[in-house]
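Here is how the chains run, residue by residue.
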Amino acid sequence: MKLKGWKDLPPGAVVTEAGSAAEFKTGSWRSFRPVWLAENCIQCLFCWMYCPDMSIKVKDGKRGEYDYDYCKGCGICALECPGKKGKKAIVMEEEGK
Amino acid sequence: MATTLTLKELSKKEDLLTHGHRMCSGCGAPIVVKQLLLASDYPIVAANATGCLEVSTCISQYTAWKIPWIHNAFENAAATLSGVETMYRALKKQGKLDKEIKFVAFGGDGGTYDIGFQSLSGAAERGHDMLYVCYDNGAYMNTGIQRSSATPIGADTTTCPAGSVIKGKTQPRKNLTRIMAAHGIPYVAQASPSHWKDAITKFKKALDIKGPKFIDVISPCNRGWRSRTDDAILLSRLAVETCYWPLYEVEQGFTKITVVPKEKKPIEEFLKPQGRFKHMFAPGNEWLLKLAQEEVDREWERLRKEAGSE
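Protein chains in written order, with my numbering: chain C, 1 to 97; chain H, 1001 to 1310.
These are computed hints drawn from the structure, not numbers from a lab.
Honestly, I wouldn't trust all of these hints.
To be verified - If we take Cβ atoms under 10 Å as the criterion, some of the chain H residues that face chain C in the derived model are:
hint, residue
1, Leu-1010
2, Ser-1011
3, Ala-1029
4, Pro-1030
5, Gln-1035
6, Ile-1059
7, Thr-1063
8, Asn-1222
9, Ala-1232
10, Ile-1233
Stated by the list, open to error - Distance condition first, Cα-Cα at most 27 Å in a straight line; then the derived BS3-like pairs of lysine-lysine:
hint, chain 1, residue 1, chain 2, residue 2
11, C, Lys-25, H, Lys-1013
12, H, Lys-1197, C, Lys-84
13, C, Lys-62, H, Lys-1013
14, C, Lys-57, H, Lys-1008
15, C, Lys-59, H, Lys-1066
16, H, Lys-1012, C, Lys-59
17, H, Lys-1008, C, Lys-88
18, H, Lys-1008, C, Lys-87
19, C, Lys-2, H, Lys-1066
20, H, Lys-1290, H, Lys-1265
21, C, Lys-62, H, Lys-1197
22, C, Lys-88, H, Lys-1265
23, H, Lys-1262, C, Lys-84
24, H, Lys-1197, C, Lys-87
25, C, Lys-59, H, Lys-1013
26, H, Lys-1008, C, Lys-62
27, C, Lys-4, H, Lys-1066
28, H, Lys-1264, H, Lys-1278
29, H, Lys-1008, C, Lys-85
30, H, Lys-1066, C, Lys-25
31, H, Lys-1262, C, Lys-87
32, C, Lys-88, H, Lys-1197
33, C, Lys-25, H, Lys-1012
34, H, Lys-1013, H, Lys-1066
35, C, Lys-62, H, Lys-1066
36, C, Lys-7, H, Lys-1066
37, H, Lys-1012, C, Lys-84
38, C, Lys-59, H, Lys-1008
39, C, Lys-57, H, Lys-1066
40, C, Lys-88, H, Lys-1012
The C-beta atom is built at its ideal place from N, Cα and C for all residues, glycine as well.
Just chain C, same shape as in the assembly (with noise of 0.2 Å):
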C-alpha cells in the first residue's frame, strides 16, 4: 500500500477499504512453523475454529493448507489438534531448519 499525503487522507480518519489488513502480511513473525500431516487428520476443524489469524484455508467444510502469508505459528492449532489414533495431525517445526 502506498502511503497517502495529508491532502489525500479522508477526513474523520475514516478507512474506506473493508479489510485492507490482508495486504499487511504477518507470516515474518513465525519462529515455528506448523505443518499439516493430511494422513493424521480427521477434519475435526478445531485448528480452524481456534486460529487467531484466520490463517487456515478452509473450502467447503474440509480443511487445506496454512496461509503461511499470515500465520504467526502461535501453535495453538498445534496443540489443540486431536490428531488420529494418538498421531497428531499439526506439529510445529523450527523456522529456519
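Fit chain H to the supplied structure of chain C, relying on the hints for placement.
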C-alpha cells in the same frame, strides 16, 4: 435458524475479521471476535473501546474489519454505539432503512470493567438494542500489563508487582457479569472461546433478543499471563474446568449454568501454567493459593444456589 451448529457449516461463512491484523501471536481476542461474527445471521455494526483489539485491528490505513466499525475513545464504546443504534431507529422510522441490523460493542476488561463502565451502565439502563462483548484478559495488556478491576487476586502485574511487601494484587476481581445482571437487562452471559459451541449459541441467542445484552468472555493473553503462545484455548478451558470462569447465562433474571464441568479441578491447574502466579507456588505462599481456591469455591457455590442446581 434451524441449522445445526457444526464447524463444517460455520467454516463456509466468510471471515469478517481478516488475517493481517496485528494482535500478538496466540492472542485470545481475535478468536472471541471470530466466534461472534460467525454466530451472526445479521449484518453487524460494531464499536470498539480503546484496547488491544482496537489498536491492532485498525492501524493507519489498514483495517481488519469487513463490517462497519467505529472507534471513539476508551470510555465510551457503549455510548457511541447507543448513538449509532438510535440513529438507525430514527432512519427506520423515517422509512430510509429497512434492513435488520445488529449492534455490537467490543471492549477489553479495562474499557469495560473500569473506564467504560459508566457508559456501559448508562446504555444498559436506557435500554438500547445492542450487545456488549467484553473480552476479559484480566489487566491493561495493551499499555503494558497494569492491574484492572478484572485482575484476579494474587496476579503479578506491573502496578501490583509481587515482591517482599505485596504478593501481587491484594484485592479479588470484580464480578462484572453479576453487576450487569443486576441492571435487570434481558440477557447476560459468561462464555469462553474454548467452548465454542456454548459461546456461539450464547452470541446467537443474545443477537436475537431485543434490548441491551452483555456477554463477558475470557480471553487469554500470553504476554500478560506470562504463559506460552499456544495455550490460549487450553487456559480458557482450564478456567472453565476449575470453575474460575463458570459458563452461565442470566436470562430475564433467571440464572442457568450452561456448562457444568465433569469434575471441578483445583484452581492450581489454572494458575500453574501462568507466570503471573509463579510466586503463589513459592514456599510460604500457600495461603495465597488457599485464598484463590476459597474465592472460586464461594462464587461457584453461590452460582449453583442461584441456578437452583443445589
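| Taking 10 Å as the limit, does the beta-carbon of Asn-1222/H come near enough to a beta-carbon in chain C? | Because about 8 Å separates Asn-1222/H from the closest Cβ in chain C, which is inside the 10 Å limit, the hint holds.
| query | Is Lys-1012/H close enough to Lys-84/C, meaning Cα to Cα at most 27 Å? | reply | holds (24 Å)
| request: For the hint on Pro-1030/H, just tell me whether its beta-carbon gets within less than 10 Å of chain C. | output: holds (4 Å)
| task | Given the hint that Lys-4/C pairs with Lys-1066/H, test it: the Cα-Cα distance must not exceed 27 Å. | result | holds (21 Å)
| task | Could you grab the alpha-carbon distance between Lys-25/C and Lys-1012/H and see if it respects the 27 Å cut-off? | result | Given that 27 Å is the threshold and the Cα spacing comes to 23 Å, the pair holds.
| message | Given the hinted pair Lys-62/C and Lys-1013/H, is their Cα-Cα distance within 27 Å? | response | With a Cα-Cα distance of about 13 Å, the restraint between Lys-62/C and Lys-1013/H holds, given a limit of 27 Å.
| 27 Å Cα cutoff - pair Lys-1008/H, Lys-62/C | With Cα atoms ~7 Å apart, Lys-1008/H and Lys-62/C stay inside 27 Å; holds.
| message | Can you confirm whether the C-alpha distance between Lys-62/C and Lys-1197/H stays at or below 27 Å? | response | holds (19 Å)
| Does Ile-1233/H pass the interface hint, meaning its C-beta sits closer than 10 Å to a C-beta of chain C? | holds (5 Å)
| query | Lys-2/C and Lys-1066/H: Cα distance at most 27 Å? | reply | Holds, at about 21 Å.
| For the hint on Gln-1035/H, does the least C-beta distance to chain C fall short of 10 Å? | holds (8 Å)
| task | Below or equal to 27 Å on CA atoms is what counts here, so check Lys-88/C against Lys-1197/H. | result | Given pair Lys-88/C, Lys-1197/H holds - Cα atoms ~23 Å apart, limit 27 Å.
Hint compliance for this structure: no hint is broken.
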